[in-house]
Amino acid sequence: MTQPKEKLDKGKLLELYRKMVLIRRFEEKASELRQAGFIPGFLHPYIGQEAVAVGTCAALEASDVITSTHRGHGHMLARGADPKRMYAELYARQDGYNRAKGGSLHMIDTELGFLGANGIVGGGIPLATGAALQLRRKGSKGVAVSFFGDGATNQGSFHESLNLASLWKLPVIFVCENNLYGEFTPQDKHQPIRDIARRADSYAMPGEIADGNNVLDMLRVTTEAAGRARSGGGPTLVEAKTYRHRGHYEGDMGRYRSAEEVEEWMAKDPILNLETELLQDSRIAQQELDHVRDDIEEQLDAAAGFAEASPHPHPEEALEDVFAGSNRAAPS
Amino acid sequence: MTQPKEKLDKGKLLELYRKMVLIRRFEEKASELRQAGFIPGFLHPYIGQEAVAVGTCAALEASDVITSTHRGHGHMLARGADPKRMYAELYARQDGYNRAKGGSLHMIDTELGFLGANGIVGGGIPLATGAALQLRRKGSKGVAVSFFGDGATNQGSFHESLNLASLWKLPVIFVCENNLYGEFTPQDKHQPIRDIARRADSYAMPGEIADGNNVLDMLRVTTEAAGRARSGGGPTLVEAKTYRHRGHYEGDMGRYRSAEEVEEWMAKDPILNLETELLQDSRIAQQELDHVRDDIEEQLDAAAGFAEASPHPHPEEALEDVFAGSNRAAPS
Amino acid sequence: MTTMTYAQAIREGLDEAMTADNEVFLIGEDIGEAGGVFGVTKGLWGKYEDRVFDTPISEEALVGAAAGAALLGGRPVAEIMFSDFSTLAMDMLVNQAAKTSYMTGGRLSCPITVRMVTGTAGATAAQHSQSLEAWFTHTPGLKCVAPSTPADAKALIKTAIEDPDPVLFFEHKMLYNLKGEVPGELDDLPLGKGKVVRSGSDVTIVSYLKTLHEAVKAAENLESDGISAEVFDPRSLVPFDREGLGASLERTGRLVIAHEAPTTNGFGAEIAAIASESFWGLLKGPLVRVCGRDTPVPYAPELEGFVLPDAQRITESVHQMMKQEVATKA
Amino acid sequence: MTTMTYAQAIREGLDEAMTADNEVFLIGEDIGEAGGVFGVTKGLWGKYEDRVFDTPISEEALVGAAAGAALLGGRPVAEIMFSDFSTLAMDMLVNQAAKTSYMTGGRLSCPITVRMVTGTAGATAAQHSQSLEAWFTHTPGLKCVAPSTPADAKALIKTAIEDPDPVLFFEHKMLYNLKGEVPGELDDLPLGKGKVVRSGSDVTIVSYLKTLHEAVKAAENLESDGISAEVFDPRSLVPFDREGLGASLERTGRLVIAHEAPTTNGFGAEIAAIASESFWGLLKGPLVRVCGRDTPVPYAPELEGFVLPDAQRITESVHQMMKQEVATKA
Ligand SMILES: Cc1ncc(C[n+]2csc(CCOP(=O)(O)OP(=O)(O)O)c2C)c(N)n1
Ligand SMILES: Cc1ncc(C[n+]2csc(CCOP(=O)(O)OP(=O)(O)O)c2C)c(N)n1
Ligand SMILES: [Mg+2]
Ligand SMILES: [Mg+2]
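Protein chains in written order, with my numbering: chain G, 8 to 339; chain Y, 8 to 339; chain A, 3 to 332; chain S, 3 to 332.
Okay, chain G solo, but in the shape it has when bound (with noise of 0.2 Å):
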């Protein structure tokens, strides 16, 4: 089921593990730097769902396009952003992604595609939607990612959106992450379905389950979509099955969810899975991982000390890009 990782070169394999590394060390790190009162809105940790941004955003080029959610600093990390700028955002620094004016709910990396996180549950996909529809107009091979919530997949955007895009055959890839709960509501108190990727046949839309705490078996997947929305043949959804490992946001106990249920997620962690697997492939030792995790120590280190680093905005500043173009002030 998994795309065997002896296909992929060692290169490719350390680099999904650096960046899930990564994702799970910002994370970690963030919701330090917030209880050390560095950081200050709502943080949405990605912990537990890595393999899900990391697979996916290993199948994408350089002329593909994402939305994300709430919970973005993964997928926008796998895409290859740069936690410096992303840290100076979340500490509210002028060389913030958005300068100071968007915090994790809103970040954006126009360079990468990365059009941006959501604070609204769903608003992405009809963003994607559209997205690929221009991508389509001017004749690109890109594809757009909307990466959303199993909670997402009730709201009336889902569906209008998955319709629209298998109607035109958009080249889009819906990567529903069910991470089991919205919020603190269990995927039984919020739909009377286990398997999301069930939804696509009310759109004629390939419909695939992936294992979404096995990075190999995301990129298997979505690299299959995205050959199907190139070459014409229209969207596919992605249903990667995972498990956020943390509360929903930071401050959140997750108490809401039994300790077995935790636990038996835990044990299924994707860095581990991945950790093991490599292990066992006779190229790479533990010498090289340990090398990857302390690389990403330094770089978060200098990330936070670079967004501490960063000057504060100004207050008029404020008024600034309310519209784009030269007329940046609001008018009063």
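The reader is advised that the hints may include incorrect statements.
Within a straight-line C-alpha distance of at most 27 Å, the following computed DSSO-like cross-link-like pairs (lysine-lysine) qualify [to be verified]:
1) G:Lys-36 with G:Lys-14
2) S:Lys-49 with G:Lys-196
3) G:Lys-148 with Y:Lys-196
4) A:Lys-181 with G:Lys-176
5) A:Lys-181 with A:Lys-219
6) G:Lys-145 with A:Lys-49
7) A:Lys-181 with A:Lys-286
Simulated from the structure, these hints should not be mistaken for laboratory data.
Quick caveat, the model's predicted, so the values are computed rather than measured.
The hints should help you fit chains Y, A and S with the ligands onto chain G, whose structure is shown.
Just chains Y, A and S with the ligands, lined up with the frame of chain G:
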């Protein structure tokens, strides 16, 4: 497949026939009255779809409630509404169902549990779901029926409501009248599926296809759905395959449809269908059908007369009813 | 100069914008082969088949698709068949398109144009008649345009499409058949430039869309009663031509505001607030709003007529204003 | 008298309404066992398990379900977790609930209460911080309530639930922890009755929700500068207490309006319009709005602080108003 007509007593069969002819003639006459300048607003004739409303409403009890659409006259008449007050409303007179404030798109009859036509495509679906919740809360055995078109099944409200209704096992029947067009757009240009009943599976809900031009088949399928709903089995999506004979609204010539297609469906006219069947029934003679038709002509002439005699509203009445209860006037 | 209807003028504006820029495309319900319920886009599908998109009845997805395409450089023009249905696309309009530039610190923009088919068309009742512009003037990040004549409609639809920000373009259904002169070579018309439609010295009537024409009629009535009314059409509501309003008040010292939307918190409230904050010294007495009454739009023509402002109500209000002033002075 | 927070007061109001009337039920996202993201409904699920409904993330369906139940006699109270998400339920709020009574000629009504969790909670940014009340004050058929203290919140949530019409109940997140005295036996508090929170003779500051408390601080500042400011809290926006406003202006002759929502076309514009239409004679000079700037709400605390009105900005505006008046007189 269809309910054997022998099972129904003759009175009930004739009543089905009467209702269908009443709707047909009500709409034809409304069209004439509009052309003659008596009716100021939009009309969306139900002609051709009579079997859907009549079959469904024949499966209902007094405790049941209905939400409808822009094409609502048929649903209302099938439920037993008074043509006098309907024409009076279309004429915009005081004796109209909505005291001349609503018109065709918003007509109600609260005594019949007819909660309203609706000018918003998909607008009635969440309301029916909520009505079903209230029926269940009150321990009623009532069910809520929501009529809507194929076009409406691409609205977010359809998706969100079906999910909620199935999750909570609410007593609702979602009746989709698939007449193959949403306004001027054929189904294959608005959704990538042909059988809308297929969408039920996304909500783990039964999805049934019925012959919307066969009143007995409609009765059979909706009776089953109502039984399931009343006994706690939750909602059903019923797709009625049908066709509108006329344009989308009065004035639309329907040129976007091929002559062959129209002809093919005209041959399946639900009233002719039933007439042929009834005349094969030894209990029923042509004369009885003629009698039904004559009665209806009289009734409708009287209804139009009533409407014309009804007083116009006084302009200042426009300020009433913004708020319910004692404080009816708009605050200024 | 050609004489054409308001609907034709919008169509020509769209046509010219599509010819000028391949990124311009149209998206909406039944706007393609059918040419739109009001015929505004008639013929464009034939001319630009791959740039005119008929969508399912999915307002959120269609505005979202426009917004998503705009993020990547598209210049979509979305039609909301009746602006009442914008209720279903509010998230895309308000939380996505309007805030894109700001939330991203100016790094992304969302240049969509949304054609909002506005106002009553006569007995169209509560869910097909609304004038919702004030929701959007209250939404930072959106620009709002409301042309009242064919010439303005043509010029401003082009300006709206070229604008780098999301622009809501309010078109009044009852104006679609209104005829007017449109110059062959139209000058660019920037947003935020109002127009004195009729000069006067006693009172300024600010109005737009269909009600503007009622205001002009009122001014004609008033003239025969010896009152000289100036009629000011802001043409765009955001940005709003404060200078133009101020200059007019300087000439007249009195202000009447008229629009079809309900009075309470309509855009007239904003005009009133601007006047009483910034042009207080110019005003000789209380201003007056002659706007839609605070009710949904009723079906019956008699009721609808009572609810909406017309020339007669505007005329009477001006008379009353002048009378009261005399009474106060006495 | 008990001291309790604003959140507790709302909870007690809900609790008492549920005890009094079986038709009252709660519906929203994570309001049940979890007690709501801000804890407002904590404990009510335990007490009324079958009358507290946790829904999927489907704002349109949840408000629609409330509205549909209300058509059959239910008295649902829906929570919009962040009022920003009401964008997704606008059709149910505006085209359905608001218009039910009117469109049906008074034959049906839709008595829902919708709790709109409003305003910034500090760095909550553009999509979780909005103050959208002006959309709804502009929607005929809706009533709008905006309590600023625990006592008012408790009394008014009960009034809202008992009201036969759809009522939008705006709660400010930053007030949830505000403590205040709440009488054990609360008198009924009708909608449309404002309150003079602080008496004064030089200027009236009209404000509500969180900004009201900034206005009170401003009034305290002003007092030490020898300026006597009256603070008027309308408590409900629709219906609005015109008489209360007029009475206050009679005492002071000057008007400052302060709220968190953006300035342009905010409810402050309506207050300004009312004052300049109806109380012109009482005003000694131009009124002033001290409201949210016309931007989305930014993330960074420094930026957010710049955008939102506070005691300092209100104080300065009053000073400037008084100074300009002197200058004009001189
Ligand atoms: C429209 C909307 N409704 C509600 C919320 C509040 N909210 C934020 S995240 C969330 C849960 C989302 O669940 P899911 O889609 O499964 O994503 P997950 O958090 O599990 O990654 C909710 C309800 C929101 N942000 N937007
Ligand atoms: C939200 C919304 N969008 C668009 C319209 C305009 N409109 C009225 S009826 C209609 C077609 C509806 O198609 P369908 O649901 O199939 O019903 P039918 O007319 O075929 O009975 C459209 C687009 C509307 N009334 N409401
Ligand atoms: Mg989830
Ligand atoms: Mg149809």
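**Message:** What's the verdict on Lys-36 of chain G and Lys-14 of chain G, does the C-alpha distance respect the 27 Å limit or exceed it?
**Reply:** violated, 33 Å
**Asked** Does the alpha-carbon distance linking Lys-181 of chain A and Lys-176 of chain G stay inside the 27 Å limit?
**Response** violated, 42 Å
**Asked** When you check the alpha-carbon spacing of Lys-181 of chain A and Lys-219 of chain A, does it fall within 27 Å?
**Response** holds, 16 Å
**Request:** Starting from Lys-148 of chain G, check that the Cα of Lys-196 of chain Y is at most 27 Å away, please.
**Result:** holds, 24 Å
**Request:** Mind checking the alpha carbons of Lys-145 of chain G and Lys-49 of chain A for me, to see if they're no more than 27 Å apart?
**Result:** holds, 19 Å
**Request:** Would you check the hint for Lys-181 of chain A and Lys-286 of chain A, treating anything up to 27 Å between C-alpha atoms as holding?
**Result:** This hinted pair is violated, its Cα atoms lying about 37 Å apart.
**Request:** Assess, step by step, whether the Cα of Lys-49 of chain S is no farther than 27 Å from the Cα of Lys-196 of chain G, and give holds or violated.
**Result:** holds, 20 Å
Checked against the numbered hints above, the structure breaks hints 1, 4 and 7 and satisfies the rest.
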